[in-house]
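Participant: Between the sequences and the hints, there should be enough to build the whole structure, so can you do that?
Chains as they are written, first to last, in the working numbering: chain A, 1 to 376; chain B, 1 to 161; chain C, 1 to 330.
Derived from the structure by calculation, the hints contain no laboratory data.
C-beta: ideal position from N, C-alpha, C; glycine also.
One thing to keep in mind: the hints can contain errors.
[What the hints assert, rightly or not] Pairwise CB distance ranges (calculated):
#1 C/GLU173 x A/VAL275: 54 to 64 Å
#2 C/LEU63 x B/THR94: 26 to 36 Å
#3 B/VAL31 x C/GLU173: 19 to 29 Å
#4 C/LEU67 x A/GLY236: 53 to 63 Å
[Claimed, not checked] To list a few chain A residues with every Cβ distance to chain C over 12 Å, as calculated:
#5 PRO102
#6 PHE141
#7 LYS207
#8 ASP254
#9 VAL275
#10 GLY307
#11 ASP327
#12 ALA362
Listed below, chain by chain, are the residues.
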Amino acid sequence: MSALSALSSGETKGETFVINVGPQHPATHGVLRLKMTMDGEYITRAEPVCGYIHRMHEKMGENRTWAQFLPNTGRIDYLAAMAYSHAYVGAVERAAGIAAPPRAEYIRVITSELNRISSHLVWFGAFLLDLGGFTPLLYAFDDREKILDILEALTGSRLTYSYYRFGGVCNDVDDDFIRGTREFVAFMRPRMKMYHSLVTDNIILRKRLIGIGVISAEMCRQYGATGPVIRGSGVGYDVRKSEPYSVYRDLDFDVPVYPEGDCMARYLVRMEEMVQSLRIIEQALDKLPAGPVMASGVPRTLKPPAGDCCFAVEAARGRLLVRIVSDNKEMPYRVRLRTPSFCNLSLYEEASQGMMLPDALALLGSLDLVIPDIDR
Amino acid sequence: MKALLKEIGSGFHSLVTGMRITLGQFFKPQVTVHYPHETLKMPVRFRGHIELVRDPQTGKAICFACKACEKACPSDCIIVEGVKREGERRKSVTEFKLDFTKCSLCGSCVEACKSEAIRFSKDYNLASVSKEEFIMDLFKRLESEQPKPPQAQPEQSKEAA
Amino acid sequence: MSIIEPFRLLLFLVGIMAFVGLNAAYLVWVERKGAARFQRRPGPTEVGYGGLLQPIADGIKLLSKQLHVPPGADGVLFRAAPLLVMIPAMIGLAVVPFSESLVARDTNVGLLMIFAFGSINVMAIMLSGWSSRNKYAIISAARIVSQDVAYEIPMLLVVVTMLMATGTMNLNEIVQQQAGWFWRWNIFRLDVNPLMPLTFIIFFVCMLAETNRAPFDMAEAESELVAGAFTEYAGMGFGVFFIAEYANIILGCAFATILFLGGWQSPFGVWSGVFWFLLKMYVLVFTVIWVRWTFPRTQFYNLLNLSWKLLIPISLSTLILTAVVMKVLK
Ligand code: SF4
Ligand code: SF4
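Facilitator: Right under this line is the structure:
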């Protein structure tokens, strides 16, 4: 470890060289490029280069009607599309003064949490793949498939749901959905135990994650990192608790927090979150009220009164904020998206300094980045 | 020393547990659907590309070219044209172009159509080597198809609802 | 040496090459099928019944591809590396007794031969990484060397322990000593060393590391180094490395079978023969595959820590223990 101490004291012996991790690289899961200046296997500087799939979602928002932007929200973070629709729909409802009926709010919570589990399952598999374990990926995808089937039967699509509407959701849940979701909850609990004994307890994995990639709470604050990243650094910040939206106030769940700040802490936070999501789903199904799923009197062409409105949700990767500015026209004046992955990535350069390449990739995996969410 | 031995012990145990789990999975039935040989049934709400719906009485397209879907589409991929024929109450559609290369399968058009004149097809095997094939004229498509026997129709529309 | 000897050797050479080739091809199939089963997938199904012709299709595909030497690479070494990598496995198998009489060269230094040539393997992979003028490949080459050096030591210590227990370097003799019921196998010979099963595990771990198999596949580490030392190889150049990997697994498992599991001896003392040898060897090969599809990859310093801080001290102490036990018992 002497090379490491030499690095942190600022003196690098010998030459450095640059390797590109990405935009085409097995570890970046998308078109993210990391320009890494290396001293041997140690990283002196890792500079993220993003923008390869920038699609100007914010600009697109200014060029279509309020409702027409809805499908876009599912395509920002394609793994957790529900939360994104939720944030946008919530912002517009707040601006236009529409209140979704309670049944719709419960359905939103159930589908969002299902979506969070499916997103975390993808992260789990992909993270293990980064660490060289292939098999858990397939198990996780098998479980995720069950969620996708449930959501596909409900919404008609497997990833880009476009399910929420201003004032509710576009169609009601049926008994099949409720039964399927309950079955899934019952199925998933023992599966989590299996994952813990197959993966979490594994000594190889523990050696690779414990104490690796420590991010301090202070660094998270400085860069605005949220979600499991900041909760893995000992800060219990969760939008569902700190600014409760929808019906989260009526539901009983814990926010898992681990103070270590290393990759293992972030790993455990997400694993624990899946269990908590199962709890939320179960309660929401029990409490699901009867009634309509759409508010009445929502105009066909919406023109929210002029003003400025924000709505934050806890997406699978952290705090997602949608800010809309309306000038009482058919189209938004401005749609601003504050996406969690972008902030979570921004601390990478500082956090990865002096790490070894495989550890740095473990850190990258533990941040759970979705590249379209960074570039949007 | 004791901690080290304990770590070795628990570490070894964790490895054996992991291997036991994967071996357990080894003997379980596989979960894959062998795609070209087996296919899944698409759920009722599956959003494929859109298609025009035939009126069970007249056997013609229900669509009367009101262009609500054209306006609703966020990707500008629908072009509807219609003419008002002599003696008919409403316009009838003459051209319904769908540029599937731009379609994001969002479903706004189906939702916008109040007369349920379009629905999602369950066709997911869409592959082609030329882009032109995805610029489809849904009206021509409907015309060229054999009209289905009338009794099959109500069942179909129930499924799409 | 009789007049027939050269022909016999030639026959064995052809035989071993066919054995290695077929095994490599079909172990790829077994690995893919096995991995699929562990992950509850079907694996290859389309080419031939149950995908049985898949390795042949893959081979044809690899053969039809261009052998590209990247600009700036050392052409000679780049081409020589795939040739070099096959040698140790071939030579190693020449001294392996498949059954009492089925052995190409029944020499008294069989054990030594395998280890002497085994180290060429490291050099070949290092050369391939070094000569391809690719940063990933060079990192991988550096990893390979330190990894293989680190694991050669505990492996040799284990083998020396075995050598003390058996008193011979002739592999056939080692097998013959283990005749009888299965508790006569070296792995259960607790009278010379009460830690014998542990020694076997150390040997197995070292073998995994030496053959660069998961969880020690630092050289390929596809999520870090793309394909490591083999990044620049295309077509059959890559294919040869692939075959060599399986050939080395075969050799390692065969060797473990001979040293610890009684080679071609049957577990019941009767009907010994090549069948038992192959059965034991393939069970070990299956375990290698099983391990790969269960565990994540180790990190590089953990890998070295494991060797230097754990395996070497343990294997050294078993060596001393064996020496003491044998001295006392004598
Ligand atoms: S499909 Fe429906 S919305 Fe579109 S033009 Fe025809 S009737 Fe109008
Ligand atoms: S599904 Fe969406 S994108 Fe496709 S044609 Fe309909 S409205 Fe347009």
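Participant: A cut-off of 12 Å on Cβ-Cβ distance, and A/PRO102 was said to be off the interface with chain C. Does that hold?
Facilitator: 40 Å, holds
Participant: Measuring Cβ to Cβ, find out whether A/VAL275 lies farther than 12 Å from everything in chain C.
Facilitator: 22 Å, holds
Participant: Grab the minimum beta-carbon distance between A/LYS207 and chain C and tell me whether it stays above 12 Å.
Facilitator: 5 Å, violated
Participant: Take a look at whether the Cβ-Cβ distance between C/GLU173 and A/VAL275 falls inside 54 to 64 Å.
Facilitator: Since the Cβ atoms of C/GLU173 and A/VAL275 sit about 59 Å apart, the hinted range of 54 to 64 Å holds.
Participant: Should the label of A/ASP254 as a non-interface residue stand, given a Cβ cut-off of 12 Å to chain C?
Facilitator: Since the minimum Cβ distance to chain C is about 28 Å, A/ASP254 lies beyond 12 Å and the statement holds.
Participant: Between the beta carbons of B/VAL31 and C/GLU173, is the distance compatible with 19 to 29 Å?
Facilitator: 50 Å, violated
Participant: When you look at the beta carbon of A/PHE141, is every beta carbon of chain C farther off than 12 Å?
Facilitator: With a cut-off of 12 Å, A/PHE141 comes too close to chain C, as the shortest Cβ separation is near 9 Å.
Participant: Using the Cβ atoms, figure out if C/LEU67 sits within 53 to 63 Å of A/GLY236.
Facilitator: About 58 Å separates the Cβ atoms of C/LEU67 and A/GLY236, which means 53 to 63 Å holds.
Participant: Please confirm whether A/ALA362 is truly not at the interface, meaning its C-beta sits more than 12 Å away from all C-beta atoms of chain C.
Facilitator: 8 Å, violated
Participant: Does 26 to 36 Å hold as the CB distance between C/LEU63 and B/THR94, or does it fail?
Facilitator: 57 Å, violated
Participant: So A/ASP327 supposedly isn't at the interface. Is its beta-carbon more than 12 Å from every beta-carbon in chain C?
Facilitator: At about 48 Å from chain C, A/ASP327 clears the 12 Å cut-off, so the statement holds.
Participant: According to the definition I'm using, a residue is off the interface if its beta carbon is farther than 12 Å from all beta carbons of the partner; does A/GLY307 meet that for chain C?
Facilitator: Label holds. Min Cβ-Cβ 48 Å, cutoff 12 Å.
Of the numbered hints given earlier, the model fails hints 2, 3, 6, 7, 12; all others are met.
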